[in-house]
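There are 2 protein chains.
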Amino acid sequence: MKDDVKDRNAPQSPARRRLLAGGAAAGGLLGAGALGLSGGLKAARAATAPAAADSLPPAVPDWTRYLGAGVDAHPYGMPSEHEAKVVRRSVEWLTATRESSVNFTPLYALDGFVTPNGLCFERHHGGLAEVDPAEHRLMIHGLVDRPLLFTVEDLKRFPQENRFYFLECAANSGMEWHGAQLNGVQYTHGMVHCVQYTGVSLRTLLKEVGLKDKAAWVLAEGADAAAMTRSIPLEKALDDCLVAYSMNGERLRPEQGYPIRLVVPGWEGNTWVKWLRRLELGDQPWYQREETSKYTDLLPNGKARMFTWVMDAKSVITSPAPELPMQQEGPVVIKGLAWSGHGAIKRVDVTVDGGINWQTAQLHGPVLPKCLTRFTFDWVWDGKPALLQSRCIDETGYVQPTMAALQEKRGVNSIYHNNSIQTWQINENGSVENVRLG
Amino acid sequence: MKDDVKDRNAPQSPARRRLLAGGAAAGGLLGAGALGLSGGLKAARAATAPAAADSLPPAVPDWTRYLGAGVDAHPYGMPSEHEAKVVRRSVEWLTATRESSVNFTPLYALDGFVTPNGLCFERHHGGLAEVDPAEHRLMIHGLVDRPLLFTVEDLKRFPQENRFYFLECAANSGMEWHGAQLNGVQYTHGMVHCVQYTGVSLRTLLKEVGLKDKAAWVLAEGADAAAMTRSIPLEKALDDCLVAYSMNGERLRPEQGYPIRLVVPGWEGNTWVKWLRRLELGDQPWYQREETSKYTDLLPNGKARMFTWVMDAKSVITSPAPELPMQQEGPVVIKGLAWSGHGAIKRVDVTVDGGINWQTAQLHGPVLPKCLTRFTFDWVWDGKPALLQSRCIDETGYVQPTMAALQEKRGVNSIYHNNSIQTWQINENGSVENVRLG
Chain A
1 MKDDVKDRNA PQSPARRRLL AGGAAAGGLL GAGALGLSGG LKAARAATAP
51 AAADSLPPAV PDWTRYLGAG VDAHPYGMPS EHEAKVVRRS VEWLTATRES
101 SVNFTPLYAL DGFVTPNGLC FERHHGGLAE VDPAEHRLMI HGLVDRPLLF
151 TVEDLKRFPQ ENRFYFLECA ANSGMEWHGA QLNGVQYTHG MVHCVQYTGV
201 SLRTLLKEVG LKDKAAWVLA EGADAAAMTR SIPLEKALDD CLVAYSMNGE
251 RLRPEQGYPI RLVVPGWEGN TWVKWLRRLE LGDQPWYQRE ETSKYTDLLP
301 NGKARMFTWV MDAKSVITSP APELPMQQEG PVVIKGLAWS GHGAIKRVDV
351 TVDGGINWQT AQLHGPVLPK CLTRFTFDWV WDGKPALLQS RCIDETGYVQ
401 PTMAALQEKR GVNSIYHNNS IQTWQINENG SVENVRLG
Chain B
1 MKDDVKDRNA PQSPARRRLL AGGAAAGGLL GAGALGLSGG LKAARAATAP
51 AAADSLPPAV PDWTRYLGAG VDAHPYGMPS EHEAKVVRRS VEWLTATRES
101 SVNFTPLYAL DGFVTPNGLC FERHHGGLAE VDPAEHRLMI HGLVDRPLLF
151 TVEDLKRFPQ ENRFYFLECA ANSGMEWHGA QLNGVQYTHG MVHCVQYTGV
201 SLRTLLKEVG LKDKAAWVLA EGADAAAMTR SIPLEKALDD CLVAYSMNGE
251 RLRPEQGYPI RLVVPGWEGN TWVKWLRRLE LGDQPWYQRE ETSKYTDLLP
301 NGKARMFTWV MDAKSVITSP APELPMQQEG PVVIKGLAWS GHGAIKRVDV
351 TVDGGINWQT AQLHGPVLPK CLTRFTFDWV WDGKPALLQS RCIDETGYVQ
401 PTMAALQEKR GVNSIYHNNS IQTWQINENG SVENVRLG
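If you read the sequences in order, they're chains A and B. Start counting the first sequence at 1; every next residue gets the next number (UniProt numbering). Start counting the second sequence at 1; every next residue gets the next number (UniProt numbering).
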């Protein structure tokens, strides 16, 4: 077998022979003086460039010298063991029990705008319900002409929709109302994910049961131990909501409501009822626990903001971040995400001096409404302290505010709907800290 | 604990009390006469409709009566156990060894156009290489001004690109040249997947090393035991190729070339060299094994088509399919995928009578160039035999051909580049068969 492998790897060109004849792959930072780099990157790159190849030919590595695993090895594939740290994480002290808690998306490690299903943040109120799809039913009743029970297979026979949407918990960044509390973008902003959902339009299902004239609200109820319930105005239900059965191509993950969940584009995640089992039509909201005691904002005047469903425009730099300190001076890609519950992101600006100067970042298309948008900004770090922020503008012209501006309106009692500008302080040693600038 | 759960689930509206008071969730097909369905769906749905809710109130299911798992359960999430059959599968007799074989994407089970990373088809020529990203290097040399060695971290410091592309093996549907051979869309068409790739433009890297005037071709070489090598013309390398390190947001999966692979949009998958370790610039192609002995098409006149890189426009119905027989008469969503290596899909037509009548399917956006496009067609099955086909047209005006048309040009010796129209025959018992119509 070894001879076979050797034959297959036999050099086939003079250049390849040169390459294979080399010594150990030590890597490193050599030959910088020879590098021609364009524009402003030149000086910075000179100190930190890739190694000159002729002085450091790589050896044939071990993994080229034996046959790897065959195709039986991984019927359902998993990430490399070298990426084992890239997982969802929770915060022990955040909630009273693990069954009513949050597992945060590792935003610092991700690219693009699609969140892989295995890393989508999860929030439970009664633990992860284990629903048998064959036994599951969706009931639609109340102020309707024909109350109906749907199996999951019934739902798949209706015309389907496929759309990318972000899902953000209303409490995302909530701890930050009280200063810079959490050191890591996974924890400050990781209650958001974005996938391609597939399902049937809620409008289609409501048409199927027929609405009585007085119908004005929909109560959505989950089949989990918390029987999560939220009131949704009919106007939204008839607009762009879905009863979804797939995410990123495959069936919903158990922790995301398998076999069906409500998708309420642009609205706080708590309304996206998982393990959806019931939709009731009524003429007024139900004032459930999760829309009165919770998911409201106590204002300075003693009143509470209620039914504040839409997630306003927000952005955050995901790298560098506290989890990803600066490695060296020179070129670095500042990466981040922006989103708005009101539509598409129009522009993202980035500052590296705490807001004195702003520059426009590059948006990576397709830029879709109510969907995460990846932005990047190519920067050259000079090794000195810096204050990084991003600020987005959505298609309605709304500009992401500072925390000071939010607190002026809402005081300091809020937990939900913090969409303020986030600051990362880069220290001289390259470490990155969560700080409050105003 | 039981009391706690009961309290939390206490009925909160009269309607809810009614619901909870019901009997067993038997499900079934009741109350059809009461259903008002619009337009052409009415008659068909009447026989097969969701159950009337009042006659069948569902019991509170078991899974609502206990707390589910907490957020520690799944740091990296996996699909439901009820979806355990949805995995990549291989064909024992297709290749001599498992290390040089194919694992097919279960297209029949998927929605949307994003393929989840765990289900992306894989093709190996020397097994799955286990590369240590810290030790891995990419060498760019040959007809360049400054040969360089790049670490993976070096690559991440260049401006990044994020783009959705399909990847199709040139041999996808290859067995079908000789009639209807494989019974299942996973096997006939499952050598294709589509993800959002993130990486650095190859153009950027070639600019970094500087090209000598005579440079006209790039040799790409992998670090696997097969040391996969392909020649790529410089024009394509400078157009839209990437050296990618992420897919669907997270790092490349091991079987997809971790830590880096070449992305050659719209071109046959074999050129997308995985575990990429070397790019050599030359003035002519290298005529490697994989572009002479393999990945060429022997024509009737004894000559072979060579360097046929672009994947022409193709489509297939993914459901119904042999794996997903018809369950009942009435409404059904015909779903499929279309793609073209030349650009965006412009239109997909569907026939249910073997090509006598064609109707235009709905495309689910965003419709992106060199990317899978999901299409659906809402059909009402009358329970009689039918012949389903899809036919796509891309933005260049090219129309997906029949196998007869392909064979007229290329004869019967081909394996690669079969983009012909696929036929599924629906039998009276609902089973679905792969048949050849012409």
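Hints are supplied without guarantee of correctness; some may be wrong.
Identical chains blur together in the list; that is why a pair holds if it fits in one copy or across any two.
Simulated pairs of lysine-lysine, BS3-like, Cα-Cα distance not exceeding 27 Å [said to hold, decoys possible]:
1. Lys156 / Lys85
2. Lys156 / Lys384
3. Lys236 / Lys346
4. Lys384 / Lys346
5. Lys214 / Lys346
6. Lys294 / Lys409
7. Lys156 / Lys346
8. Lys303 / Lys214
9. Lys346 / Lys294
Keep in mind the hints are simulated off the structure, nothing from the lab.
Each hint, compared with the structure:
In this homomeric assembly, Lys156 and Lys85 come within 27 Å of each other (Cα to Cα) only across copies, at 19 Å, whereas the closest approach inside a single copy is 37 Å. When the C-alpha separation of Lys156 and Lys384 is checked against a cutoff of 27 Å, the pair qualifies only between copies, where the shortest distance is 21 Å, while the shortest distance within a copy is 56 Å. Taking CA atoms no more than 27 Å apart as the test, Lys236 paired with Lys346 passes inside one copy only; the shortest distance there is 23 Å, against 32 Å between copies. For the identical chains of this complex, Lys384 and Lys346 are neighbours neither inside a copy (31 Å) nor across copies (51 Å), given an alpha-carbon limit of 27 Å.
In this assembly of identical chains, Lys214 and Lys346 lie within 27 Å of each other by CA distance neither inside one copy nor across copies; the values are 38 Å within and 43 Å between. Only within a single protomer do Lys294 and Lys409 lie at most 27 Å apart by alpha-carbon distance; the minimum there is 20 Å, versus 68 Å between protomers. Taking CA atoms no more than 27 Å apart as the test, Lys156 paired with Lys346 passes between copies only; the shortest distance there is 26 Å, against 35 Å inside one copy. For the identical chains of this complex, Lys303 and Lys214 are neighbours neither inside a copy (29 Å) nor across copies (74 Å), given an alpha-carbon limit of 27 Å.
Within a single copy, Lys346 and Lys294 get their C-alpha atoms no closer than 32 Å, and across copies no closer than 48 Å, so neither meets the 27 Å cut-off.
This entry does not satisfy hints 4, 5, 8, 9, going by the numbered hints stated previously.
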